[in-house]
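Novice: Take a look at the letters that make up each chain.
Protein chains: 2
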Amino acid sequence: MTAMSYRPADIVSPYLLFLGDIEDSVSAKMARAVVIWRPEKAVGQLRMTERTVSVGIEDVSIEDAVARGARTLVIGVANSGGKLPAHWRDVICQAISHGMDIASGMHQRLTAIEGVPELAREHGVTLHDIRHNHPPLEVGTGEPRSGTRVLTVGTDCSLGKMFSSLALQRGLEQAGLNAHFRATGQCGVLIAGEGVAIDAVIADFISGAVEWLSPACDDQQWDIIEGQGSLFHPAYAGVSLGLLHGAQPDYLVMCHELGRPHMRHLPNRPMPEMAACIEANLAAARVTNPAVQLAGFSINTSQVDEATARRELEALSQRFGVPATDPVRFGIAPLVAGLTGAKQ
Amino acid sequence: MTAMSYRPADIVSPYLLFLGDIEDSVSAKMARAVVIWRPEKAVGQLRMTERTVSVGIEDVSIEDAVARGARTLVIGVANSGGKLPAHWRDVICQAISHGMDIASGMHQRLTAIEGVPELAREHGVTLHDIRHNHPPLEVGTGEPRSGTRVLTVGTDCSLGKMFSSLALQRGLEQAGLNAHFRATGQCGVLIAGEGVAIDAVIADFISGAVEWLSPACDDQQWDIIEGQGSLFHPAYAGVSLGLLHGAQPDYLVMCHELGRPHMRHLPNRPMPEMAACIEANLAAARVTNPAVQLAGFSINTSQVDEATARRELEALSQRFGVPATDPVRFGIAPLVAGLTGAKQ
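Read top to bottom, the protein sequences are chains A and B.
So for the first sequence, the UniProt record's numbering puts the first residue at 1; every next one is plus one.
So for the second sequence, the UniProt record's numbering puts the first residue at 1; every next one is plus one.
Read the hints as simulated data drawn from the structure, not as lab findings.
Where hints are given, some of them may not hold.
Below are the DMTMM-like pairs computed for lysine to aspartate or glutamate, each with C-alpha atoms no more than 20 angstroms apart in a straight line [claimed, not checked]: (1) B:Lys41 x B:Glu63; (2) A:Lys41 x A:Asp24; (3) A:Lys83 x B:Glu63; (4) B:Lys41 x B:Asp10; (5) A:Lys41 x A:Glu63; (6) B:Lys83 x A:Glu138.
Keep in mind it's a predicted model, so treat the numbers as computed, not measured.
Let the sequences and hints guide you as you build the complete structure.
Specialist: Shown next as structure tokens:
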């Protein structure tokens with residue numbers, strides 16, 4: 001199998017987005033990613049309780065979804081540890097019994113749930129374990145590659161690296177450039193239809209997988225590589241560092257959420273200080289690209305009012321001498337302008 | 001399965017150490033580890049050509065090894081990428097046909113070699129894939145744990161972190177302390193009979209696996225955790241950082257080889273500067289243990305004469321204010337004294 005010929009199996013849309021009974025809004029990232037970036041692909045959402053997080057589309061039953069043409073039940077949730085709660089099994093089995101494929105971004109494989117592979121065979125449906133679908137991997141080399149690479153990094157996980165990467169890709173393309181989105185997480189792979197869930201590869205191959213994902217290319221091509229985790233997250237920093245080395249980025253975009261009280265899932269752990277976080281990322285990135293630069297900030301400002309958001313973005317921009325924006329609130333244009341200006 | 005009840009399947013000795021046809025001495029680390037740390041377990045070595053690296057014990061055929069009571073053919077090689085060369089298959093099959101178990105530390109599973117699982121079943125022998133033998137894993141938390149932890153880190157891979165860790169454990173034990181060796185690589189696991197090959201776990205679980213491997217313990221207990229790779233190696237730094245965070249070491253021992261010309265397998269990549277390497281490791285380690293200290297240096301000086309070695313060690317010790325030794329040439333005592341002195 002050559003790098004170029006590899007693609008994950010097609011996940012057939014339309015989708016029914018399954019949210020289980022999660023009450024933590026951030027965990028719904030897989031469903032939300034579809035609603036934001038591929039809204040035409042979802043017929044509705046399926047929630048187990050009234051308190052379950054909503055991604056703002058219509059609630060539909062499995063029966064109604066099938067009537068609307070839904071072909072795949074997408075597990076719309078990415079939880080820490082990647083285990084499928086045992087009490088979701090009945091819904092998964094129901095969907096299979098109604099002839100739907102299932103797509104999951106969990107570490108735990110659909111095929112490892114008791115009875116599920118047998119039921120899938122019986123009904124002739126496909127089980128997509130998005131995180132486990134990747135090409136044969138090699139260890140990284142760190143050898144310089146042609147092309148221009150932008151990597152989104154962050155102070156923490158789950159604060160907008162995928163969103164920022166997709167927005168940047170779209171913005172660069174709209175500016176007339178040849179820009180590709182390189183997905184490194186299960187949501188990104190679902191959106192892009194290709195990529196590698198980096199956190200699910202064998203540890204020795206993290207950077208090698210990213211070298212494969214964003215190979216040498218035309219110097220006019222931009223690869224926008226989706227970052228993962230944070231160098232300061234005690235669970236995931238290994239993934240973040242391997243990704244950083246494998247990406248050998250020319251530009252880093254630092255992602256952050258204003259007002260986040262502590263590192264995700266770790267109430268005792270304060271967020272890293274911004275200047276230290278930038279310096280740690282640049283220092284590590286220099287191992288494979290000594291010319292790496294900070295290109296700007298992509299900040300989630302949803303917790304503050306607009307005036308505060310503008311003031312904070314301006315302060316960051318002044319302090320570090322690069323553009324800062326909230327791509328949801330104010331658009332991605334400042335970062336696109338900064339990147340295309342820097343490249344000239 | 002609880003943490004405490006987990007143990008890899010026993011690999012039955014005596015061993016025949018198989019070196020294939022490798023000509024790179026460093027790749028023979030698995031065989032050499034047995035010869036140094038468990039010499040009583042090896043009946044001899046098996047080399048495919050005269051130019052193959054020797055680990056200094058008698059060459060014996062499979063037939064002779066069986067006559068001497070050998071029970072397991074140990075693949076004595078750890079190569080980059082972890083693939084078993086296809087032309088080694090015949091020797092593996094011969095050993096199986098003579099009733100020997102096989103133990104391998106490669107990423108590629110013995111069970112993935114064509115015909116090998118069937119042959120093993122036919123002859124009633126066991127295939128040990130050391131790298132793939134680990135407990136169910138969780139993501140890391142970074143929560144502080146009781147006990148005292150020492151981690152060996154390095155400027156590069158394959159320069160003595162396992163040797164230094166085993167020597168430290170033995171030295172601390174001889175000084176009357178309760179010291180455990182925590183194996184994180186396939187050689188260490190083979191020597192210790194337990195542990196986790198960290199480079200073979202799924203990337204999301206690197207630090208969680210190390211938290212499992214060295215759990216909270218008595219404050220009088222020392223855990224000597226075997227390091228892997230280097231924060232400056234473009235292929236393996238993700239593993240090194242996750243291991244560093246999961247270990248939450250109180251003390252780092254920096255390992256290095258005097259005169260190494262470039263990073264392993266990467267002729268274009270210079271070795272990192274020592275002060276920068278120390279600072280990067282301390283800075284990263286502070287994420288999970290703000291009190292971490294450099295305890296000293298374990299230096300492989302085999303490429304220089306004794307006078308030069310002594311001079312270089314003294315210079316390092318003076319420059320950084322901690323002990324420096326070559327545990328092979330001059331013994332581990334200076335590091336043991338430094339650690340036990342620091343703890344008082």
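Novice: Confirm or reject each hint.
Specialist: How the hints compare with the structure:
no.	hint	result
1	B:Lys41 x B:Glu63	holds (17 angstroms)
2	A:Lys41 x A:Asp24	violated (24 angstroms)
3	A:Lys83 x B:Glu63	violated (48 angstroms)
4	B:Lys41 x B:Asp10	holds (13 angstroms)
5	A:Lys41 x A:Glu63	holds (17 angstroms)
6	B:Lys83 x A:Glu138	holds (10 angstroms)
Checked against the numbered hints given earlier, this structure breaks hints 2, 3; the rest are met.
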